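For the record, the sequence lines run as chains R and F.
According to the UniProt record's numbering, the first sequence is numbered sequentially starting from 1.
According to the UniProt record's numbering, the second sequence is numbered sequentially starting from 1.
Simulated from the structure, these hints should not be mistaken for lab results.
All of these numbers come straight from a predicted model, not from anything done at the bench.
Any given hint could turn out to be false.
Because identical chains cannot be distinguished in the list, a pair is counted as satisfied if it fits within a single copy or across any two copies.
Said to hold, decoys possible - Simulated crosslink set (DMTMM-like; lysine to aspartate or glutamate; CA at most 20 Å straight-line):
{"no.": "1", "residue 1": "253", "residue 2": "642"}
{"no.": "2", "residue 1": "727", "residue 2": "485"}
{"no.": "3", "residue 1": "641", "residue 2": "62"}
Number of protein chains: 2
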Amino acid sequence: MASLSNLYRDEPGSESRFGVDYVIHYKIPPTERAEAEAAFVQLIQALSDVGFSTEVRPGKTDSLLVFAKIASDRHLHAQVYRYRIQDWLYGVRSSAPNKDLEQYLRDEPVSEAERLRLTYLLITKPKAEGGAGITPQTGRWKYVDAVFPLHDHAFNKAWIKRWSTKSALDEADLAEIRDRFGEKVAFYFAFLQSYSTFLLFPAAFGLGAWLLLGQFSWFYALVNCLWSVVFFEHWKLKEADLAVQWGVRGVSKIQLPRPQFVADGEKQDPVTGETVKVYSPFKRLARQLLQVPFALVCVLILGGLIASCFAIEIFLSEIYDGPFKQYLTLLPTVLLTVLIPVLSSFLTGLATRLTHLENYETQDAHAAAFVQKVFVLNFITSYLPIFLTAFVYVPFGKMLVPYLDVFQLTAQRFTAEGKSIPTKEFEINPDRLTKQVIYFTVTAQIVNFFLEAVLPIVKRKATSVVQDVHTEMKTQKGGPSGLTDDPDEAAFLNRVRQEAELEDYDVTIDYREMVVQFGYLALFSVVWPLTGCSFLVNNWIEARSDAVKIAMSSKRPIPWRADSIGPWLNCLGFLSWLGSITSAALVFLFRDGRHGPDGSPSGIRSWALLLSILFAEHAYLVVQRVVHYVLGKLDRPGLQKERAERFSMRKRLLEEAQGQELARKEVTGPGLSGGEKQITREMLEEEARRESIHGHGSPEERFWERQRGAADTIEIGRQLISELAAKQNTTKQ
Amino acid sequence: MASLSNLYRDEPGSESRFGVDYVIHYKIPPTERAEAEAAFVQLIQALSDVGFSTEVRPGKTDSLLVFAKIASDRHLHAQVYRYRIQDWLYGVRSSAPNKDLEQYLRDEPVSEAERLRLTYLLITKPKAEGGAGITPQTGRWKYVDAVFPLHDHAFNKAWIKRWSTKSALDEADLAEIRDRFGEKVAFYFAFLQSYSTFLLFPAAFGLGAWLLLGQFSWFYALVNCLWSVVFFEHWKLKEADLAVQWGVRGVSKIQLPRPQFVADGEKQDPVTGETVKVYSPFKRLARQLLQVPFALVCVLILGGLIASCFAIEIFLSEIYDGPFKQYLTLLPTVLLTVLIPVLSSFLTGLATRLTHLENYETQDAHAAAFVQKVFVLNFITSYLPIFLTAFVYVPFGKMLVPYLDVFQLTAQRFTAEGKSIPTKEFEINPDRLTKQVIYFTVTAQIVNFFLEAVLPIVKRKATSVVQDVHTEMKTQKGGPSGLTDDPDEAAFLNRVRQEAELEDYDVTIDYREMVVQFGYLALFSVVWPLTGCSFLVNNWIEARSDAVKIAMSSKRPIPWRADSIGPWLNCLGFLSWLGSITSAALVFLFRDGRHGPDGSPSGIRSWALLLSILFAEHAYLVVQRVVHYVLGKLDRPGLQKERAERFSMRKRLLEEAQGQELARKEVTGPGLSGGEKQITREMLEEEARRESIHGHGSPEERFWERQRGAADTIEIGRQLISELAAKQNTTKQ
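Please work from the sequences and hints to get the whole structure.
Here it is in structure tokens:
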């Protein structure tokens with residue numbers, strides 16, 4: 001990380017952000033200059049209409065940089081106040097903001113994340129709701145390439161420097177991330193942290209198991225499943241807890257509308273009486289059903305590819321015995337590495353289209369639906385190969401291999417005068433499964449790290465170097481777009497131009513990575529108990545490289561809020577549940593040593609296999625309930641905080657009401673007199689009069705007048721009791 | 001129901017309740033008269049201390065009847081106000097009660113149920129919380145036999161009369177029940193109603209299936225499972241919905257403390273700062289683990305009994321062929337009918353003790369824990385016999401029968417000179433399963449009905465007749481306990497004395513019945529599709545007989561509140577899930593006609609069986625999620641109501657805050673001037689001065705001062721664009 005400083009190319013001034021809230025990167029395609037210019041005017045007007053100060057500067061070739069800063073603090077504060085009220089109404093905040101704004105903001109100051117979030121909303125939300133309604137890259141704003149805040153270099157550097165020395169993230173670190181990049185990002189790091197901490201156990205235990213129990217130990221499988229349950233249930237609670245501590249519990253209730261949402265009609269909301277744009281849930285349901293064929297397509301395409309490459313590989317590596325074997329065996333790997341990315345990017349595109357088709361009102365719903373589909377894709381690409389080896393190749397290999405002759409025949413076509421190809425007797429390769437798991441849990445992780453973290457930085461350095469040359473060439477004829485920058489802005493503008501070039505940071509990608517990793521641990525680590533160790537190391541680096549990614553290789557993210565890791569939670573649950581099944585199956589198949597059934601299913605008592613699966617699964621379900629119950633019993637700081645807030649709120653309200661109530665209360669003072677009917681002269685007279693008029697009041701009245709007050713009742717009661725006694729004695733004799 | 005009037009033996013006056021809120025039945029054991037008398041005095045004092053008027057009258061032999069009525073309406077209103085505030089604080093009510101009490105109570109009058117609930121709380125809750133702290137039959141109040149409200153005969157009669165003619169309960173009926181007997185009872189009837197309505201489908205479909213598909217049809221099984229899922233998920237929503245409509249959503253949060261709770265220490269609540277009595281959750285957890293051995297004991301005892309009776313029966317009915325066969329075959333049935341009740345009452349006692357041991361703080365938690373255990377018991381007694389037939393007798397009969405020779409040998413002992421017993425060749429009886437299911441789903445239900453509904457009434461009539469004679473004898477020497485009743489009270493006192501004799505009504509018993517019934521439908525109806533019809537009829541009667549039970553054969557229940565059917569929900573879920581497994585298994589075993597495997601497991605491909613179970617179960621889980629999702633999409637009156645309330649609340653609060661906010665807002669009026677930095681003479685001078693002092697302000701200031709206001713920005717932007725264009729043209733050439 002020593003190279004940080006020159007990554008940021010710290011010329012004086014590049015540190016400062018010149019108080020800019022958001023930079024708008026505005027493209028001007030040479031062909032459509034007129035439209036672009038018109039739209040530009042609108043842009044500036046829209047911005048200033050909602051109270052932004054603006055500055056414009058030349059961007060890189062064919063683009064402008066518009067700098068926006070909220071004009072007056074009071075305007076910002078009004079926003080803050082308004083949104084905090086909303087939070088309170090939705091039950092996110094337990095107390096309403098204090099009317100005295102100045103005092104209030106001194107008590108609960110505005111974090112940078114909050115400021116940026118609100119200003120972003122001010123820029124993007126529709127005019128109707130008092131925003132500028134600027135939606136990057138869509139509709140009339142198609143020239144607006146991006147709206148992004150500027151990195152805080154000083155902070156980023158300090159942050160990464162600290163981490164590179166620190167072993168784990170503590171509350172303070174998370175709080176910092178939260179204040180800078182918002183809860184959504186903070187939740188990712190919180191998850192990563194507590195997942196990595198939990199990894200310590202499977203790492204240690206896995207090492208022990210590897211040394212003492214070897215592979216495919218039922219005991220390891222058991223403990224591993226148990227661990228995954230505990231982790232899952234723990235996180236569910238931890239998540240809720242963090243949400244409360246960060247004061248974002250229930251923010252998912254406050255939904256951001258999707259600008260792309262298309263209503264199929266308006267109806268008057270029976271509740272609010274407002275006319276709202278609606279989309280029939282049944283139409284959506286119908287479209288959601290498309291997920292089924294989508295999943296099938298994925299299985300067919302990806303599954304087909306993987307399976308066939310798998311077959312070819314087996315043929316070449318374990319049957320074929322001719323020339324160029326060592327080169328040919330690489331063929332399937334090459335095929336996969338080339339085709340998988342192509343196909344999955346195609347399918348991801350399909351998923352995106354499908355999700356758009358489902359046409360959700362809110363951004364969260366949209367994101368969740370998309371994640372579902374992405375998860376299906378990743379499930380296939382990540383786990384299918386191992387599934388094939390474990391549950392097809394190993395048990396049925398010998399049966400299936402004969403069908404691989406097709407390759408032989410096709411191969412013969414190409415060989416001269418179709419002489420048959422030299423082959424060797426097929427033998428199941430018992431190490432294949434282990435090798436594969438190791439590949440996915442170690443090699444793949446490392447490769448991935450390079451692709452994700454190192455490559456971009458290298459790229460960036462290279463380009464930046466090129467650009468330096470470029471700009472120098474230019475600066476003779478002045479400025480990137482032929483205009484000289486003011487000397488004391490140059491450095492600043494340079495860095496902005498650079499940041500404008502970076503991609504957006506997408507947290508879902510990082511989540512996906514972690515979830516898939518968890519999957520390997522839950523599903524297959526029984527094959528190779530060291531998995532945990534590998535992941536532990538990987539994640540230590542992962543946390544840092546992700547930080548670097550956010551800080552240096554991507555635009556600063558918009559600091560959105562979140563109250564959970566969202567749809568990924570279900571994925572975790574699903575994987576940990578599936579783990580109970582696969583582990584059981586693997587343990588059963590390979591119960592006599594790592595060789596397992598030698599490619600012929602005859603050896604396997606399928607009913608026993610199914611029984612063990614059935615058993616394992618239900619054991620899992622029971623254990624999960626128990627763990628859930630037990631963990632639920634523990635008290636947690638966040639929940640405590642919430643209880644405290646609710647309590648104080650109740651107390652306050654009750655005190656307001658109390659006064660009254662006491663007033664009511666004292667009308668029936670305690671003491672024996674309490675229940676007594678006040679016998680006043682009037683009453684007696686009244687009674688007398690009633691008698692004189694009609695007999696003696698109603699039976700009910702008389703019933704209640706027989707004993708005047710408690711004292712009477714006690715007296716009479718005593719008499720009755722003694723009479724009872726008397727009667728008993730008489731009956732005795 | 002024509003006999004109603006004389007069931008209530010309507011002498012004039014027995015209709016009226018003399019405005020009594022609660023009757024306290026006070027026992028005076030001859031031996032402990034002194035203590036009883038002392039306690040009596042305390043009782044009356046305690047009552048009058050919290051504002052009750054009291055009257056005392058002789059009860060039946062050796063008992064007093066204390067009549068309590070809340071002394072002043074204002075005192076009652078204070079209570080109402082206080083508890084409604086509490087509801088509001090806990091989010092049960094969305095709006096705080098209006099300060100003007102009179103007006104408020106005119107808007108939201110006090111229902112009879114509410115009045116009775118609050119007065120009961122006033123009597124029973126501890127002195128510390130402002131109650132009289134009277135806990136019947138425990139501690140110093142051990143002479144207080146019962147504290148019960150009086151039935152409203154007029155209402156009850158009308159109620160039952162209406163029902164006996166009506167086909168189904170509508171909202172109005174439920175609302176009435178709710179106002180009289182509280183939500184807890186109302187929820188039972190609501191559940192019964194919607195369950196019965198849902199039964200129409202399996203009844204009709206079952207009939208069709210029975211006619212067309214016969215028994216063990218996979219299609220019936222499929223539809224039946226689907227139905228049970230839909231019903232379960234529907235009820236979950238319906239329940240929440242009712243809770244909202246009845247304004248009790250979340251009352252389960254307001255917990256009633258258990259007087260029997262024993263704390264193992266005090267700790268200061270970190271939240272409220274109060275010292276609260278606590279009981280370590282881990283101790284409790286440890287004790288809860290006792291449920292496992294408890295379940296095992298139940299299985300062993302009951303299971304053992306059932307299994308052995310089952311074996312004997314088979315031996316006698318299908319092997320033994322000697323004398324007295326027809327009588328002997330009754331033996332096992334006799335054994336069961338005698339022993340099962342004994343054993344299960346013993347085990348229920350055990351369950352009660354266990355639950356007390358678990359020592360819960362709140363009544364709900366206690367009840368829930370108890371229900372769990374009861375469910376285990378009922379599960380065994382109700383379903384085990386069928387399980388044995390279906391999954392032991394039918395598939396393994398032939399294998400197991402040889403072991404039944406033990407009976408033969410033992411029998412030989414007793415027969416003269418041990419000559420062997422005449423036996424016949426064992427043949428699986430294919431009708432046994434069907435017969436058994438029919439027995440449990442028809443015969444048992446009818447028997448149960450008589451035991452539960454008819455018998456008590458008959459008993460009651462008999463006793464009441466006897467008592468009449470008794471009392472007449474007595475009245476010569478005056479009154480039941482040797483004292484004459486005032487003539488215009490006599491009738492009233494008589495009825496009170498009668499009601500004092502009745503048992504308490506326990507809704508859990510009725511729930512248990514329905515849940516067990518649902519179980520038969522979900523688990524075994526594939527054996528005999530007519531099950532649905534039988535239940536439909538049964539429930540029509542059940543609803544009425546339950547009503548009669550509440551109205552006439554039990555004390556009026558304390559009208560507690562509830563926001564769901566509580567722990568029974570889980571039982572339903574469990575049964576409907578288990579149903580998917582059993583149905584699949586049954587269909588598989590009996591797929592070739594109702595004879596199924598003829599007692600020898602050889603015929604069964606166990607892996608296929610397991611596979612079909614595995615498949616069915618997971619299909620079930622998927623379907624459940626889908627149904628849950630789909631039903632969740634539908635809008636419901638209750639939820640709508642809630643949304644409406646929340647909305648109006650938000651609106652009100654927002655309006656309060658709004659004024660302010662607008663004030664804030666206008667400081668940044670819209671229009672181009674909006675973002676503009678006000679350029680005043682002062683500013684210019686200031687600027688000039690700065691220049692003269694030190695160069696030209698900070699780079700940041702200068703950055704933002706280059707373009708004064710949006711108009712400037714636009715201007716400069718335009719220039720830049722055109723320059724861009726110029727550059728492009730030059731580069732083109």
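Checked hints:
In the homo-oligomer, the alpha carbons of residue 253 and residue 642 lie at most 20 Å apart both inside one protomer (18 Å) and across protomers (15 Å), since each shortest distance falls under that limit. Taking the closest pair of Cα atoms, residue 727 and residue 485 come within 20 Å of each other only across two copies (16 Å); inside a single copy the shortest separation is 116 Å, beyond that limit. Proximity of residue 641 to residue 62 under the C-alpha cut-off of 20 Å is found in neither arrangement, the shortest distances being 53 Å within a copy and 56 Å between copies.
When each numbered hint is compared with the structure, a violation occurs for hint 3 only.
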